[in-house]
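> Take a look at the letters that make up each chain.
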Amino acid sequence: MKPTAETLCLGVESTADDFGVGIATFNGEILANASSGYIPEEGGIHPREAARHHAEAADKVLNEALSKASVNPRDLTLIAFAQGPGLGPCLRTGATVARTLASYLDIPLVGVNHSVAHIEIGKLTTGATDPVTLYVSGGNTIVSAFDSGRYRVFGETLDIALGNCLDVFAREAGLKHRRGMPLGAALERLAADGEKLISLPYVVKGMDISLSGLLTAATTLLHKGDGRLEDLCYSLQEHAFSMVTEVTERALAHTEKKEVLLTGGVAANKRLQSMLSAIAKEHDAKLNVVPLQFATDNGAMIAWTGVLAYTHGLATPVAESFVKLRWRLEKVDVPWIR
Amino acid sequence: MDKINSQTPLKKGAEASLFLADWHGRRVIVKARLPKRYRPAELDEKIRGYRTAHEPQLMHEAKKAGVPTPKIFLVDMKSAAITMEFVEGKQVKQLLGSMAAGERQALCFRIGELIGRLHGHGVIHGDLTTSNMILNGEGKIFLVDFGLGEKNAEVEARGVDLHLMKRALQSTHYETAAECFKHVLKGYSAVLGEEEAGKVSEKIREIERRGRYVSERREET
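Keeping their order, the protein sequence lines are chains A and B.
Under my numbering, the first residue of the first sequence carries the number 1, and numbering increases by one thereafter.
Under my numbering, the first residue of the second sequence carries the number 1001, and numbering increases by one thereafter.
In short, the hints are calculated from the structure, not lab data.
None of these values were measured; they are calculated from a predicted model.
Using N, Cα and C, we set each Cβ at its ideal position, and we do this for glycine too.
Hints should not be assumed to be uniformly reliable.
Straight line, CA to CA, 25 Å or less: simulated PhoX-like cross-link-like pairs of lysine-lysine [unchecked claim]:
(1) Lys281(A) - Lys1046(B)
(2) Lys205(A) - Lys1203(B)
(3) Lys1012(B) - Lys205(A)
(4) Lys1090(B) - Lys1140(B)
(5) Lys258(A) - Lys1012(B)
(6) Lys331(A) - Lys1203(B)
(7) Lys1078(B) - Lys196(A)
(8) Lys1093(B) - Lys205(A)
(9) Lys331(A) - Lys1166(B)
(10) Lys331(A) - Lys1093(B)
(11) Lys281(A) - Lys1011(B)
(12) Lys1151(B) - Lys205(A)
(13) Lys1046(B) - Lys205(A)
(14) Lys1182(B) - Lys205(A)
(15) Lys1182(B) - Lys1140(B)
(16) Lys1199(B) - Lys205(A)
(17) Lys286(A) - Lys1063(B)
(18) Lys205(A) - Lys1186(B)
(19) Lys1064(B) - Lys205(A)
(20) Lys286(A) - Lys1012(B)
(21) Lys1012(B) - Lys281(A)
(22) Lys1046(B) - Lys196(A)
(23) Lys1011(B) - Lys205(A)
Between beta-carbon pairs, the in silico distance windows are [what the hints assert, rightly or not]:
(24) Met181(A) - Lys1063(B): 52 to 62 Å
(25) Pro1068(B) - Glu49(A): 56 to 66 Å
(26) Thr129(A) - Lys1078(B): 34 to 44 Å
(27) Glu1088(B) - Ser148(A): 24 to 34 Å
(28) Arg338(A) - Glu1088(B): 34 to 44 Å
(29) Glu1085(B) - Glu29(A): 54 to 64 Å
(30) His223(A) - Lys1199(B): 29 to 39 Å
(31) Met181(A) - Asn1136(B): 56 to 66 Å
(32) Arg338(A) - Ala1053(B): 45 to 55 Å
(33) Lys224(A) - Glu1045(B): 19 to 29 Å
(34) Pro1009(B) - Ile39(A): 43 to 53 Å
(35) Glu1045(B) - His223(A): 40 to 50 Å
(36) Ser1017(B) - Lys176(A): 40 to 50 Å
(37) Thr216(A) - Arg1205(B): 21 to 31 Å
Using the sequences plus the hints, can you model the full thing?
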């Protein structure tokens, strides 16, 4: 199919706590990117509660996206959905919405990989072409780069994700997730007033990192009342960000690529941005930070990656559209890259 | 005093910069861990100091285990720089791709033997990649870059070490990674014995299952 502004893809994202719907033209214009986030009363994401939120919000978010893009459902060419990786109940809710739309409108369906989508929307919105990507969110901490048909994983966390580490600490410190003020942002604000660096575990193993010991150590000091909260937030950030920056720099030196792409929810953190900017400079590379609405989980990235997949011969018949909870980045063919 | 002459930059890695130099008529490598401005100075000094002090110790331990490593000439803690023997040869990374299957498998077996000797001696390399292995003209394999290593004899540490080797093969030599790693394990087992090696293999599987989004609970290779 020829990419034109008249051919449209609607993408559904529902891998974790956000339900998002985006609409992209086949030539890469994002017409809408609507979403609704599930905010737990307390604690982290409860998969079934999040899925219930998604089911209830689907109708509203879909309509919001369609009206924002001024598109009639009958004008759609393709439906894309995040097929994995993610939380089972959440993924299934999004997949159900996508299957229903595709069947009802009688148009093709394509399942896309959530991690690939983060990289592709990052490239589309920043202009990066062949970056080393640091993807840091509540569920992922991955350093990857393209080589021979696939995005290869150079480094990742051996245990918990960076966003998860920061969120759990923030909750333990009594911070609350509010609309427009995620836990990570609240932590970043406190960290800005930190003055003293408290020594915490720094664990780099080859290109991989481990964050669970860091979280335990920081939480233990917090509950002992050892040190100011601001200093603890600052020290936690400095240690964790230095670790991901170190492995990103190693991937950059190893691959000798000339671009760094920072994406995922934690990409919003200014301190992390400044660290990556320093290593990019060091290796004559350009740092690209994905704009926040496309860096956090969103429907537009699914729509755009759906376009790339479909225009390169990929489609997912409904019978094969089961969700893949553990679909690793390096298992996905990306035929749209030479 | 010790004078290091005519330093020429050889490689700017992420962790350290390498310079080729002349030291009393010898060709040497100066490995300097330059300050990383992205992290706080206190943390940076701690990390660079720790790695500079540990690396030569571990290289020495490796030699005792029968694993070739470059000779150490000088350790300058102040500038976090290590002066060591320049090993003339090629990185295994550059060689593996162009080798015939039999030759490749034999090389991987020997790499496995070296790792087995290291682990048997209680040394963890910490960054087992094919760029950290140099094959010299006489066919000897040298291991370098012990900066992330440690003295540790636990099965967990051994498992992570080999898991990293496997991951490095997958990201750089994806076509032959499974076969290469199989032969690394064979060499490893030949040195440490079936039982010890079996425990470590089981640990590698456990570590993989801990990882993010491992495609179901099965070994894939």
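> The structure should be examined with respect to each hint, and the outcome stated for every one.
Verification of the supplied hints:
Note on Lys281(A) and Lys1046(B): the hinted pairing holds, with a Cα-Cα distance of about 23 Å set against a maximum of 25 Å. Among the hinted pairs, Lys205(A) with Lys1203(B) is consistent with the structure: their alpha-carbon atoms are about 16 Å apart, no more than 25 Å. Distance check on the hinted pair: Lys1012(B) and Lys205(A) sit about 20 Å apart at the alpha-carbon level, within 25 Å; holds. Among the hinted pairs, Lys1090(B) with Lys1140(B) is consistent with the structure: their alpha-carbon atoms are about 11 Å apart, no more than 25 Å.
Under the criterion of a C-alpha separation no larger than 25 Å, the hint pairing Lys258(A) with Lys1012(B) is consistent with the structure, at around 15 Å. At roughly 23 Å between alpha-carbon atoms, Lys331(A) and Lys1203(B) fall within 25 Å of each other, so this suggested pair holds. Between the alpha carbons of Lys1078(B) and Lys196(A) the distance comes to roughly 24 Å, so the proposed pair stays at or under 25 Å and holds. With a C-alpha separation of about 19 Å, the suggested pair Lys1093(B) and Lys205(A) falls inside the 25 Å cut-off, and the hint holds.
Taking the CA atoms of Lys331(A) and Lys1166(B), the gap is near 16 Å; set against the 25 Å cutoff, the hint holds. Under the criterion of a C-alpha separation no larger than 25 Å, the hint pairing Lys331(A) with Lys1093(B) is consistent with the structure, at around 23 Å. Note on Lys281(A) and Lys1011(B): the hinted pairing holds, with a Cα-Cα distance of about 17 Å set against a maximum of 25 Å. Between the alpha carbons of Lys1151(B) and Lys205(A) the distance comes to roughly 14 Å, so the proposed pair stays at or under 25 Å and holds.
Distance restraint check for Lys1046(B) and Lys205(A): the Cα-Cα separation of roughly 17 Å lies within the 25 Å cut-off, and the hinted pair is therefore satisfied. Distance hint between Lys1182(B) and Lys205(A) is fulfilled; the C-alpha atoms sit about 22 Å from each other, no more than 25 Å. A distance of roughly 21 Å separates the Cα atoms of Lys1182(B) and Lys1140(B); the hinted pair therefore holds under the 25 Å criterion. Our distance criterion of 25 Å between C-alpha atoms is met by Lys1199(B) and Lys205(A), whose separation comes to about 20 Å.
Restraint check: the Cα-Cα separation between Lys286(A) and Lys1063(B) comes to about 41 Å, which exceeds 25 Å; the hinted pair is violated. Simply put, Lys205(A) and Lys1186(B) have alpha-carbon atoms about 23 Å apart, close enough for the 25 Å limit, and the pair holds. Using a Cα cut-off of 25 Å, the hinted pair Lys1064(B) and Lys205(A) holds, with the two alpha carbons roughly 24 Å apart. For the given pair, Lys286(A) sits about 17 Å from Lys1012(B) by alpha-carbon distance, which is consistent with the 25 Å threshold.
For the hint pairing Lys1012(B) with Lys281(A), the CA-to-CA distance comes to about 13 Å; that is within 25 Å, so the pair holds. Straight-line distance between C-alpha atoms of Lys1046(B) and Lys196(A) comes to about 15 Å, which keeps the hinted pair within the 25 Å bound. With a CA separation close to 21 Å, the supplied pair Lys1011(B) and Lys205(A) stays within the 25 Å bound. Between Met181(A) and Lys1063(B) the beta carbon distance is about 56 Å. The supplied range of 52 to 62 Å therefore holds.
Restraint check, Pro1068(B) to Glu49(A): a C-beta distance of roughly 57 Å satisfies the suggested window 56 to 66 Å. Between Thr129(A) and Lys1078(B) the beta carbon distance is about 42 Å. The supplied range of 34 to 44 Å therefore holds. In this structure, Glu1088(B) and Ser148(A) meet the distance hint of 24 to 34 Å, their C-beta atoms being roughly 30 Å apart. One distance hint, 34 to 44 Å for the beta-carbon pair Arg338(A) and Glu1088(B), holds here, with the actual separation near 37 Å.
Distance hint check: the CB atoms of Glu1085(B) and Glu29(A) are about 58 Å apart, consistent with the given range 54 to 64 Å. Taking the beta carbon of each, His223(A) and Lys1199(B) are about 36 Å apart, inside 29 to 39 Å as hinted. A hinted range of 56 to 66 Å for the beta carbons of Met181(A) and Asn1136(B) is consistent with their spacing of about 58 Å. Distance hint for Arg338(A) and Ala1053(B): a CB-CB separation of about 46 Å, consistent with the stated range 45 to 55 Å.
A C-beta distance of roughly 26 Å is found between Lys224(A) and Glu1045(B), which places it inside the suggested range of 19 to 29 Å. At roughly 52 Å, the beta carbons of Pro1009(B) and Ile39(A) sit within the given window of 43 to 53 Å. The given range of 40 to 50 Å is broken by Glu1045(B) and His223(A), whose C-beta atoms sit roughly 29 Å from each other. At roughly 45 Å, the beta carbons of Ser1017(B) and Lys176(A) sit within the given window of 40 to 50 Å.
A hinted range of 21 to 31 Å for the beta carbons of Thr216(A) and Arg1205(B) is consistent with their spacing of about 25 Å.
Of the hints listed earlier, those the structure fails to meet are numbers 17, 35, in rising order.
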